[in-house]
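A.B. asks: Protein sequences appear in the order of chains A and B. Counting along the first sequence from 1, when you hit position 35 you're at 35 in our numbering, and nothing is skipped either side. To convert a position in the second sequence, counted from 1, into our numbering, add 1000.
Because the hints were derived from the structure by calculation, they are not lab data. Please note that a few of the clues may not be correct.
Said to hold, decoys possible - From chain B, some residues computed to sit far from chain A (all C-beta separations above 12 Å):
no.	residue
1	1041
2	1042
3	1055
As the list claims (entries may be wrong) - One-sided excerpt, in silico: chain A residues whose CB lies under 7 Å from chain B:
no.	residue
4	49
5	57
6	63
7	66
Beta carbons: idealized from backbone N, C-alpha and C, even for Gly.
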Amino acid sequence: MNDNLSAERLPHVHEMLSEYLDGQLDEATRQRVEAHLVTCADCRADYETLRQTVRVLRQLPMRAVPRGFAITASAPPRRGALFWLRVTNSALAALFIALLAARLVLPGLGQTITTRSDVSTVRPAAVNVASPAAPGGQSSVAQRPVGLAPVSPNQTASTASEAASAVSHASAAPTAAPAPAQPFAAAGARSSAAAAPTVAPAAAPTSIQVVPPIAVPAAAPVQRAPTATGPPSAPAAAPAAAGAAWPAWYDPLLGAVGAVVLAMLGVLIVMGRHR
Amino acid sequence: MLTYQDLAFNVARRLVGNDDAACDVTQDAFWSAYRHLDQFKGGSFRAWLLRIVTNASYDLLRARQRNARDSLDQMMDETSFDAPDPGDLPEALVLRQETMQTLEEAIQQLPFEQRSVIVLCDVQGLSYEETAAALQINSGTLKSRLSRARRRLRDSLVQRRELWE
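Next comes chain A alone, as it looks inside the complex (with noise of 0.2 Å):
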């Protein structure tokens, strides 16, 4: 029986020497582990080596404790600072990445807003300056070529009562007036009856809806807009005012939170090989 017992639970008493070496097994089942130890020099072997190595691993001393683990208000885990640490590192290096895609994707985007600002405020200009010049400015537009010497306001002034009065005879003779002139002729006429400057606000839409591009060059003599003179300049405007889109500390700056990032890396990875 015994020898059935052996060829059938081989295996299992294999298997079973630990829970034997620990007194784990159930009565029934420990009586067969033994009487198989008896007949089997194998599983004899087997179960005395197992037993010390056990043995040996249980003499193992306690190793002494290098320092206290008490848990105080004042003493925080010391991971905590690797942990701040790398949250640190990591929004800077979102920053980092924010900065250098706008660094990347907004220039041209820049540019179209500076070049739009330009538009926006070359109208005002050109408003400004036609606007007290208008009578006179109109009316020398209309009989001077393009590129005319710089008309001063009292040269604006006087020539706007001569205007006036040839308007009013070109209106008295419609055939020899230019159709720009037609809206013009009823405020001449209406500036030679009144004091001009009095008059000119009311005629300064006027004028910029019928000859905005020769009233540029017209009202260009006040010099207050120079930019908005004419088209050669308009290029030249729109680099310098991209460049002024990004300020000169923001490439500094960009590197430097680089910079930053990957010196909080390098420390990570030191301390994290240190550990």
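Please build the complex by placing chain B on the supplied structure of chain A, with the hints as guidance.
C.D. replies: Positioned in the frame of chain A, the structure of chain B alone reads:
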């Protein structure tokens, strides 16, 4: 909890392989236990605390393995004891120190699952129930894992005759 600091440190020390990492693991485990004390549902507090220590040790070793920083040789070097000068000790004691170092090195070479059962059950002498609770495994898994661990350790030590005398 300070009652268990020797036990916690020794378990961590034999799981992670060096004093500095074991100190970090123990400190973190104590903080974690302190913060989550309300989650202790009764039973063996020692097993509950050692479960936190074991998990913290595993996390540290996994991070270490992920970064591929520690070679086996480095682990071996860090396993050495802070023993006195051998010239000042009797021969038998020196032999014992060497034996202990051999045993510690053999433990470090075990897979973490087997190492943890050996450390808790055989080195620290926890019962099957406490070890199973600390490792969150059932009794059958513990028995088979312990059997494999002992055999593997025995096979690595069988060359050292001094252990069998």
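A.B. asks: Please go over all the hints and tell whether each is borne out by the structure.
C.D. replies: Against the structure, the hints come out as follows:
no., hint, in the structure
1, 1041, "holds, 21 Å"
2, 1042, "holds, 22 Å"
3, 1055, "holds, 14 Å"
4, 49, "holds, 5 Å"
5, 57, "holds, 4 Å"
6, 63, "holds, 5 Å"
7, 66, "holds, 6 Å"
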